[in-house]
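Participant: These are the residues of each chain, in order.
4 protein chains.
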Amino acid sequence: MAGAAYRILAEQLATRGVDVAAVRAALNKQRIETPSWGYADSGTRFRVFRWPGAARTVREKLDDAAVVHRFTGITPSVAIHIPWDRPEDGDYAALRRYAKARGLTIGAVNPNVFQEEEYRLGSLGNPSRAVRAQALTHILACCDIMREVRSPALSLWFADGTNYAGQDDLRSRKRRMREGLQAVYCRLPAGSRMLVEYKFFEPSFYSTDIPDWGTAYALCLALGPRAHVLVDLGHHAPGTNIEQIVAFLLDEGRLGGFHLNNRKYADDDLMAGSVNPFELFLIYHELVAAGAAARHVAYMIDQSHNIEGKIAPMILSVLNCQEAYAKALLVPRRKLAAAQADGDVLRAHALLADAFRTDVRPLLAQVREEMGVPADPLDAYLRSGHEKRLAAERSRGRK
Amino acid sequence: MAGAAYRILAEQLATRGVDVAAVRAALNKQRIETPSWGYADSGTRFRVFRWPGAARTVREKLDDAAVVHRFTGITPSVAIHIPWDRPEDGDYAALRRYAKARGLTIGAVNPNVFQEEEYRLGSLGNPSRAVRAQALTHILACCDIMREVRSPALSLWFADGTNYAGQDDLRSRKRRMREGLQAVYCRLPAGSRMLVEYKFFEPSFYSTDIPDWGTAYALCLALGPRAHVLVDLGHHAPGTNIEQIVAFLLDEGRLGGFHLNNRKYADDDLMAGSVNPFELFLIYHELVAAGAAARHVAYMIDQSHNIEGKIAPMILSVLNCQEAYAKALLVPRRKLAAAQADGDVLRAHALLADAFRTDVRPLLAQVREEMGVPADPLDAYLRSGHEKRLAAERSRGRK
Amino acid sequence: MAGAAYRILAEQLATRGVDVAAVRAALNKQRIETPSWGYADSGTRFRVFRWPGAARTVREKLDDAAVVHRFTGITPSVAIHIPWDRPEDGDYAALRRYAKARGLTIGAVNPNVFQEEEYRLGSLGNPSRAVRAQALTHILACCDIMREVRSPALSLWFADGTNYAGQDDLRSRKRRMREGLQAVYCRLPAGSRMLVEYKFFEPSFYSTDIPDWGTAYALCLALGPRAHVLVDLGHHAPGTNIEQIVAFLLDEGRLGGFHLNNRKYADDDLMAGSVNPFELFLIYHELVAAGAAARHVAYMIDQSHNIEGKIAPMILSVLNCQEAYAKALLVPRRKLAAAQADGDVLRAHALLADAFRTDVRPLLAQVREEMGVPADPLDAYLRSGHEKRLAAERSRGRK
Amino acid sequence: MAGAAYRILAEQLATRGVDVAAVRAALNKQRIETPSWGYADSGTRFRVFRWPGAARTVREKLDDAAVVHRFTGITPSVAIHIPWDRPEDGDYAALRRYAKARGLTIGAVNPNVFQEEEYRLGSLGNPSRAVRAQALTHILACCDIMREVRSPALSLWFADGTNYAGQDDLRSRKRRMREGLQAVYCRLPAGSRMLVEYKFFEPSFYSTDIPDWGTAYALCLALGPRAHVLVDLGHHAPGTNIEQIVAFLLDEGRLGGFHLNNRKYADDDLMAGSVNPFELFLIYHELVAAGAAARHVAYMIDQSHNIEGKIAPMILSVLNCQEAYAKALLVPRRKLAAAQADGDVLRAHALLADAFRTDVRPLLAQVREEMGVPADPLDAYLRSGHEKRLAAERSRGRK
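Chains as they are written, first to last, in numbering that gives the first Met the number 0: chain A, 0 to 398; chain B, 0 to 398; chain C, 0 to 398; chain D, 0 to 398.
Calculated directly from the structure, the hints in this document are not laboratory data. Quantities reported herein were computed from a predicted structural model and do not represent experimental measurements. Treat the hints with care, since some could be wrong.
Said to hold, decoys possible - Pairs of lysine to any residue residues, derived as SDA-like cross-links and limited to a Cα-Cα distance of at most 25 Å, are as follows:
1. B:K334 to B:A289
2. B:K334 to D:L377
3. A:K334 to D:S127
4. B:K387 to D:D341
The following block holds chain A by itself, in its conformation from the complex (with noise of 0.2 Å):
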C-alpha cells in the first residue's frame, strides 16, 4: 500500500526531473545525533516536570536512544554531558561498550561548566582565576573522557555572561574567553573537533559572553582549522535569518553542526520543526546547496520535552528532520539557479516553495522500509506500548 502511493510520488518527481534514486540514497545515509539529556527529567526556572518513564541513569539514557534509533533507524550516536553522564563506576569504556552491545556509538561529548556554585560569575570567562582553572581542568577532563568512549566532538556551550552593565569588563571577559578556549584546542584529541557554540541570551541576562555567530566565527579563527562553529536553532535574535548564517558558515568551512530543536519566542527548546517547519526545510535547503563542503557538519537534537513525554517527541524530531531533508532534495536545483540568473523573483520562490509543498511521506516510508524500521515510526512506537511499560518500570523507584 505504501508502495503504490510512493510509486505514483515517484513518478510525478521523475517527470519533474528528480533523481529518485539518488534521493533515495542520501536518505538513507542522513545520520541525526540524539541527546542524552533529552531523555531525563527536564523543566522551566518555575519547575521540573517529572515525566514517569523518564531515563534516570545515563545507561538508561542509553537504552531509549537505542529505542529512537530502532524506530527511525538514522540515530545511531548519542551525544553526553559530564557530569552528568559520569558511569557511577566512573568507567568509560564500559559505557562506550553498553552503547555498542546496543548498537549506538557516543558521539559528541558536552562539558558542564555552569551548575557548580564557583560558576556564579562564569567559567572560563569568570574574573577569579582559580574559578577559571577549576573549569579549564573540568574541559580538559572530557577530552580523556572523549578519547575513552571515542567521541569525535567536544561540544562547547558556555552560561558566561554578566547580568548588569558594569558588572564586569567586557573586554576582559573576552579576552579569558579566548585564553581558556586555546589552552583546551591544544589538548584536543587526534581526529577530533571542538564545536563552539553561541547563544543570543539567558542565563545570563545583560550580555552574554559568546552571543553571536560572529564572535564564535572570530573564535575559531583564533584558534585553529578544528575549531567550528555550532549552530543551535533557538539561539538568535527573533527574525534573524537562520539559513543565511548556515550558508555563510558552510563556505567559510566553518560550520561545525547542529542543535536542533524549535522556538516561538527565546531558546524554548521545543521539538525541531514543530513550530516553523518551512525554516527547517529553508536550513536544510542551504546544506543540500553546499554538497560536499557539508559532508563533515554534525547534526545533534537539543531539546527539553517538559510536558510531552521523551521518546516519542524525540522520535517526532527526528523525523521532522527527515522530513525537512528529503523535501530540501527535491529542489530543482538547476531550474532554480536558472530563475535567480534572469532575477526572476516570483518564480524562483515558487520553485523553492513547490518542493516544500510536495508531501514526501511516501518517500520516507519507501525509505524506511529498505532499512528496516517502520513507515510510520511514530505512530508505531505509541502503539508499541512501549511508553506505558517504561513509565511504571521506572516510576517504581521513585518517590
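Based on these hints, arrange chains B, C and D on the given structure of chain A.
Facilitator: Chains B, C and D in isolation, oriented as in the chain A frame:
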C-alpha cells in the same frame, strides 16, 4: 553638606517653576511593596543560585523586608506567595502580628498554581475539570488567608498556556480561564481587589492564556469593578511601549499595579531601573500625569536576584523607583502641555528629557533626612556589615 | 490526470474520516478581496520600485483585479483607497458599474488620512482641532462614497502616533481618537461595518495611537456592535501568537477581518504565506474551528509587491490562502478534541501537523475545475503572456 | 552663574577622584560629523515630510552644518552622499573650498547604489554582471571624489539582499559582495579607510547581504587593514548588546566608526540618545575604556528628522552624544575594576550607574565657554530666530 547641595538644587528647581515643597510631600508619601520571594534563593532553569544570607523561612523574609524598610523608609508592606510562605504552624494571624512587630503589613497575596505536578497542562485553564477544581480551591483558600493577614489584594499570575500548536483548543482555554476567575471574583474579601497579571511567554512557549494587557483587561471587564490589570515590566514583547499601556489603563480606571523589575531580553527579572532608567522615568511620568486616577495603583517589586545578593539589590531597586518618581515630579507640566498643543515636537521632548537629566540625589537626601533614614541608603547598608552577619548566621544551618 | 491524483487523495482523506464533499463545498465558497493599491507601484522609504506593467489608474487596477479573479475564481471584490482611487470625474457610481462589468464588486473603502502635509502630527489624534476636523471630513466623505459604490465596510488604519517621548500626551491622543471614531461611527451607512486596524509601529516610532488588538478592541466596545477589529498579519511584535488573537476576537464576536500578507521582521508586506506557511494554516485552523462565528470575517490581501511583479504575486498570495484553508478543513476535529481532552500533547500536535503536511494541490485542482479556472492558476498566468503585454502597453505612457 | 554650578560639580567630582582637567581636555577634543542628508527633507515609505527650512542643495546643507558647528563647536566635518550631493557644476574641489570657507571639512563619502532602477535586485550582490559593474563604477568614482574633497573615509552601506526565500542563492550573493568590495578596496585613496556597514533588515525583507557585524567583520578581514566595521546604532535585532559589539571590534582593531541615532523598534533613525540615553552612555563607556584603541573611530550622526525640524534636532543629537561622553569620562575606572575583580556585582554596577546619574550640564557649560559657544546650544539656537528666517527664505522657492 547634603543640605548645601539640596539648597542649590531647590533654588534651581524653584527658578524653573517647580513647587519643591509639593515634590517633597509627594515623595514622602511614595510606597513600594517588596516581595517575600525576593529574599530567598532564586535561579534560572539551569540552576538555583545559593546566596549565603538568603532567607530560608517566611519569618526571615519578613525580617529582611524590615531591614529594607529601615534603610529606605518607603517599603512598609510585603507581598507573600502561597504555599511558599505558609507558616509552619499555619497561623496566618500570627504571621501578620510578626510582621506588625517589625513595622510591616502584609500586602498582596499570590497564590501559586504552577508548581504541583497536576499543573503540567495548566491550572484554571487545564483541560481536566479535576485539576481546575484543585486550582480553584487553592485560590479560594488564599482569599481566606487574605482575611487573616488583612491583605488588600489578590495577585494572580498564571503559568497556563500550551507549548505546541494543537495541544489544546485556544477558545476553550480562554473560556475556562474566565469561568475560573469569575468563581474567584465572587469570593474576594470585602474591600479587596483582584489583580490580573499577563505575560508574553514563559513557561509556556506556544500560547499563554493571558498573554497581553488586552486579554487581562477584557477579563477584568467581564469580572467587575474590583478586577484590575497588573503590569509586570518584564512581561512584554521587545519594543512594547509600556508607558502607553499604563496611560491607557489609568484612563480606563483599570490599572491595578506593577511588578517592578527590568529586562533587556525576556522576563529577565533584573533590578528595576538597571537596564533602561529612562523607561522607568517615562512610566512614572504617566502616573504623575494621571493625578488622582493613579491613587490606587500598587507598586510591587518582583525580581530574581540570582547573583547580586538579596537585600542590597532590593534597596537599589527601591531607590531607582524613588529616583524615577522624583524626576517625574519635576516635569514642567504646563510648559509641556503648551509645547504639545503647539505641535513643537522638539521642545516638548526636550522639556521631558531635561527633567530626567536632573540629578535628584540631593533632593532625595533631604527627603530621607526628614524620614529619618540614611541619605544614601545603599551605601549605608553596604557599610553596615549586615550582609556579612546574615551570611554567617544563615549559612550555619545549610549544607 | 489531475483527476487521478485527486481520486487517490480523496480516498486517503475519506479513510481518515474527512468529508471530502463538504471540504470542496467550503472551498467553493471561499472569497478573498484584493486591494487596488496592490496593482500599482510601491516601494520602501529608500525608493519606489517601478514595475513596467503596474496599473496607473483606478480603472487599470480594476482591470488587473479582474484578471486575478479570472485565474483564481475566488477574488470577486476589490478594496479601494481614497483619494488614491478617486475617479477623474469623481463619479463613483460609474466606477462601481465599471467594476461590475468586469465581474467585480467594490469591497472595503479605505480613507487615507496620512499623506497630506497637515497630518504631520496625526489625523484624528492630532493636537490641532482643525486638522482633526479635516480628517473627520475626509472619512465622512468616504462614508458617502461607500453608499455610491455599495461597499460593505469602512476600513480604518491610522498612521497616528508620536516619534518622541513627551511629543504629545498619550491620554489626550487616546481620547481624541475615540472621539473622532465615535463621530464616524454615527455616520456609517446602514448595513455596513467599521473595521478598526491596529499596528505595532511605523510610521510612528515612539508610540502608535492604536498599537495593538487590545486598544482596537476597547475602541470597538466603546463604539458599538458594528465596529470590529481588523487584523493585519504584519502588525505585531515579533513572536506574537496571532492565531490566539484571532481565536479571542472570534469568541467575542469582534473579529472584523484580515489584511493578509507575511513578514519576517516588521511590516514587510510580503506575499501571504511566503515566510511562514504554517502560521497561515494555524490562523485558518482557528477560523474553521470557530464555525459560524467566523462567517462575517472579511479576507483582504494587503501587500507591497516591490520587486516580484503585481498580478502574479497577487495570484500566488490568493493560492497560498486557499491552500491554508484547504489544509485547515482537513484537520480531524473530533480526534483532535479527544486528544486535547486526554491531555495527550504529542498526539494532539501531531494530528494538527499532519493536516498541514498533506499536499492539497490535487484537491484544489479539482475544485478549480469545478469553478472553471485553471488547475494551476499561477502557472497558467505566467504562461499566458499577459504580464508582457501589460508591460508593453503601460510602459508606453511612462517616462 | 554657570561658573558657580560648575565649581560645585568640579569639587564633588574631584572628591570622587575625577581628574576634572583631563575630562575637560577630552571633551575639548571630541568631534562628531553631521550628515548632509540630515538637513534635507526625509520621510517614511508612506510619505516624505516637508520642512519649511530644509536644505535644497548641497551648499545649503553645508550652510546648515556650519550653523550646527557654530552653536556646538564640535561638528567641523560633514558626510556627503553621492549622487545626492553632486554639485551642479560637478566641481568637487570648489565644494571643498565652499565648506572650508565655512569652517568645515568634508568627511565620509557615501556612495548611493540603491536608488537607480537597475538596483532592484541589488548592487554589488546583483545576479546581473552588468549591474554589478555599474555599481562598482559608481563606487570607484566616489573614490575619485574622495581625493578631490580630501575625504578620510569611504562609507559603504548596501541595500542588497532578497525579499523571498529562493529568490537568489545566498552563497553566490556573499561571494559577489566580497569580490566587489575587493575591487573597491584596491582603489581606496592613500591614507583613507573603508567603512563597511551592516544592517539587520530593510529594505530587504528576507535576507540582507551584510546583515550583522560578524559578516562585516569577516569581509574586513578578507579585505585588509584599512577596512573597518561601521556600527549604525539602529541596525540590530531587538535586544542586541551593542556596547559588547563595540568592545569586541575595538579589541580587534576593527571598529571604524558609528552612525549615531536611536530607535525603539527597527531602524527608526531618531535623534541620538532620545530613546535610551543609558545605552548611549554604555557605548561611550566602552570607547573611553578602550583608550588609544578608539582613537581612529569616526563619530557620524545619521538620522531622519521627519517631524522635528532639521538643525535643532541635529544640535540636540550632538549634545546628547557630548553628554554621554562626559558621563563616561566620570566613571571611576580603578574602583570599577576593583569591584569587578572582587566579583562584587552590585557595587560594580552601582559605580557605573552613578556616573550616568550625574548631571553634567554645568561641566559642559564650562567646556563650551572655553570653546566660545553658547552654554546651552539648543536653547540658544531656538531663541536665535534662525529656524524661522530659514523657513521664510527657503519656502519661497518651493511649490
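Participant: A separate judgement is required for each hint: does it hold in the structure or not?
Facilitator: Here is how each hint holds up against the structure:
1. For the hint linking K334 of chain B to A289 of chain B, the alpha-carbon distance of about 17 Å falls within 25 Å, and the restraint holds.
2. For the hint linking K334 of chain B to L377 of chain D, the alpha-carbon distance of about 17 Å falls within 25 Å, and the restraint holds.
3. Simply put, K334 of chain A and S127 of chain D have alpha-carbon atoms about 17 Å apart, close enough for the 25 Å limit, and the pair holds.
4. A threshold of 25 Å between alpha carbons decides the hint, and for K387 of chain B with D341 of chain D the separation of about 15 Å falls inside it, so the pair holds.
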